Amino acid sequence: MAGIAAALGGCGRSAAPTGPAATAAATGHELVQRHCLRCHLEPDPADLPKEYWPYALHYMGNYVGMKGDEFPDMRVEPAPPEMEPVKDYTKRYFLFGPDGYYRDLYPFREHIPDKPEMSAEEFRRMREYFVAAARPSAEMEQQGPKPPVTTRFRPVFPQLELEPDALVMSTLVDPRRQRLYVGRSVIDDWVGGGERRAGFDKWDDVVALDLRSGKRVARIQVTSDPIDMALADNGIRLVTHGRFPMTQVGIAAITDVDFEAKPPRSRMLVTGKQRLVQHHTADMNGDGRPDIIADAYGDGYAQGAHSLLAIWYQQPDYAAQWRRAPAEIPPGVMPGLREKVIAEDAGLIGNTIADFDGDGRPDVAALIAQGRQELVIFTSNGDETFTRHLIDQHTPSWGGNSLQAADFDGDGDADLVVLNGDNVNGNHFGKVIPAPRPQHGIRVFRNDGGMKFTMAWYYRMHGAIRPVVHDFDGDGDPDIAAIALFPEWNEDEPETFVYLENKGGLQFVPQSIPREFFSVWCSIEAADVNGDGRTDIVLGLGNFPELVPPDWLTAHPAMQGRGGHAPSVIFLLNQG
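Counting from 1 along the sequence shown, just add 164 to a position and that's the residue number in this note's numbering.
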C-alpha cells in the first residue's frame, strides 16, 4: 500500500522547458501536460473528488519545486524529529486543510528540484484546473443495491484461541496437519521513524492453531508484518514485509519456519530487501528444481526505490545448505540460492505465474503501482532472460493492488483477474473521509493470444485489494472471491466481500454474505478448513489503524449488536 504517492504519482526532473518564462501564459491543463506527463499518464480531474485535489496538488507540488506555502487555505507543519524516517529519503510533513483534517505526507527528496519550475500563481492555476472540473465527493459515491446473499457459503465465527480486533495480514491452512496459521501485525511503522516503538513487537507474530479444537499450538514473533505464507516442509514459508518508511538496510525477508520442531525453527533464505509483498514457487528454468519468485515494493518512483521482481534459482547444493541454514543471515541470500532480478520498477506490488504465451515455459505477470500503474508480463525466453510486454496502463489514482492467473473462459490459455483499490491516500488523523474512486474494482482480462489481452469483464468494488480463484461450485470453471480494505464507509453496509460465480462466457454473478458477518478484511484464502473435501474461504480482519474509522467497531451501523468487537478470522464454509 503506497500511500498518497501511489494515489497521485509525482513529477520528476526533465529537460523540457520549465520556469516562469516557459509557463507564464500556460493554462492549468497545459501546465499539467508539461510537468506531470514526464512520469506518468495525465491525471484526469474525475480521478479524485473535489475535496481531495488540494491535498493531491500540494503533495505533487514538491516535484515542481514548490515550497509549500502557495495555497493560503492550507498550512504545513514539519513532522516531529522522532517521526522522521531513519533512512532520510523523504521530506515528511503534516498538511492541514480547509476541511479541518490533516494528512501525514512524505515526498521523496531525490525528486524535489532545487528551484521552482513554475510560479506560485501558475501552481494555483494548476490546482484550479483540477478542482473546477472535479465532482464533489458525495456525487462520486456509487451506492448500489447489495448483491444477493450467497447460498454457496455458510459464514461461521470459528472458536479459535485468537484475540479479536486484529490486523490479519495473512492466513494459511495446512489440511494434512489440520492447522491454521494466522499472521498478525500492528502497523506501528505508520507512526514514523521506521523503527519499533516499545511494546509493539509482541503483536507481530504468526500463531499456529489446531483447526479441530481451535487451540493455540505454537507462536513465533517476527520482525515485521507477516504478509504472505505458503506451505513448506514441516511448516510454512513466510514473507515478512519490512518497514515503512524504509530502514537504512532492508529487513524484509523470506524464511522457512519448521513448526514441528520444539520450539519452532527458522531458516532464513532471503533478506535485505525493502517491503516484500508476495512470493510463488515454480521451476522457472526447467532444471527440475523449484525456484522462488517474489516482488518488493520499496518506496519511491524511479531509481533508488529499492523495488524489484526477482527469481531465486535453487542450486544443486540447496538441500544441504538449507538443512544447516541459520535463523538469520546477513543481507543477501542463503548459499544454495542464486538471485536474478527481472525488473526494478518502482511499486512492484504483485505477481502471478502462468504460461501466458503457450510455449510451455512459465512466465511472470506483474502489477506495478506508484505513478506508473502498469500491468506487465515477462515471458520466459528459456535462458533465464525475459521479454517485457506492457498489457495495460492507467493514471496514478488507479490504485493497482493484486492479480491472479486462471483460464476463466475455458479456451486453454491463461487469463488474468486484476484488482485495483488502493486508497491509503496519506495518513488520516481524525475521522476517515472516504475518497470515492469509481475506477476501483475487479477486472478480468481475456488472453487473446499473441500477448494481446482484452479487458472483458468489470465489477465495481471500492477499495478492492485481494482475490482468490477456485472452482468453488464444482462446475469446471474458476470462480472469484475478493475482499476490500478501503470500502465506502458512508454506506450503511460497506461492500468488503464479494463472491463472483463464473457462469461461462466471461460472465460472473456477484453474491454477498449476511450483514451480521460484515467486517473489513485484509486477507483472504481458499482452503478446506473442515476436511469435507470442499474448498472454503478464510477471511482475516483488516483492523488497520488510521485507515479505518476509529470508531467503526462500535459506531458503524453494520456493527450494531456486535459488542464492539470483531473476530479476527471467520470461515465461509462451502455448502456444495
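Honestly, the hints are just simulated from the structure, not real lab data.
Some hints here could point you the wrong way.
Stated by the list, open to error - For lysine-lysine, the following DSS-like pairs were computed, each having C-alpha atoms within a straight-line distance of at most 27 Å:
1. 231 with 310
2. 426 with 379
3. 214 with 255
4. 279 with 255
5. 231 with 255
6. 667 with 616
7. 214 with 231
8. 667 with 310
Claimed, not checked - With beta-carbon atoms standing in for the labels, derived distance ranges:
9. 619 with 492: 18 to 28 Å
10. 308 with 492: 47 to 57 Å
11. 480 with 374: 29 to 39 Å
12. 424 with 697: 17 to 27 Å
13. 303 with 260: 20 to 30 Å
14. 452 with 260: 28 to 38 Å
15. 740 with 494: 26 to 36 Å
16. 574 with 374: 36 to 46 Å
17. 697 with 323: 16 to 26 Å
Predicted model only: the values in this text are computed from it and were never measured.
Note that CB positions come from ideal geometry on N, CA and C, so glycine has one too.
Checklist entry - Holds or violated: are the alpha carbons of residue 231 and residue 310 at most 27 Å from each other? => result Measuring from Cα to Cα gives roughly 46 Å; hence the hint is violated.
Next on the checklist: With the threshold set at 27 Å, check whether the alpha-carbon distance from residue 667 to residue 310 stays at or below it.
Outcome noted: Holds, because 19 Å separates the two Cα atoms, which is no more than 27 Å.
Checklist entry - For the pair supplied as a hint, residue 214 and residue 255, is the alpha-carbon distance within the 27 Å limit? => result 25 Å, holds
Item to check | Assessment of proposed distance window 26 to 36 Å (beta carbons of residue 740, residue 494) | outcome: 51 Å, violated
Checklist entry - Is the hinted range of 17 to 27 Å satisfied by the C-beta distance from residue 424 to residue 697? => result With Cβ atoms ~25 Å apart, the hint holds.
Checklist entry - Between residue 308 and residue 492, does the beta-carbon spacing fit 47 to 57 Å? => result 50 Å, holds
Item to check | Pair hint residue 214 and residue 231, alpha-carbon separation not exceeding 27 Å | outcome: It holds: about 23 Å lies between the C-alpha atoms, which stays within 27 Å.
Next on the checklist: The hint says 18 to 28 Å between residue 619 and residue 492; measuring C-beta to C-beta, is that right?
Outcome noted: 44 Å, violated
Checklist entry - Can the suggested window of 36 to 46 Å be confirmed for the beta-carbon pair residue 574 and residue 374? => result 39 Å, holds
Checklist entry - Does the alpha-carbon distance linking residue 667 and residue 616 stay inside the 27 Å limit? => result 24 Å, holds
Next on the checklist: Can you tell me whether the CB distance of residue 303 to residue 260 sits inside 20 to 30 Å?
Outcome noted: 25 Å, holds
Checklist entry - Given the hint that residue 426 pairs with residue 379, does the C-alpha gap stay at or below 27 Å? => result Answer holds: residue 426 to residue 379 is near 17 Å, not above 27 Å.
Comparing the model with each earlier hint shows violations of hints 1, 9, 14 and 15; every other hint is respected.
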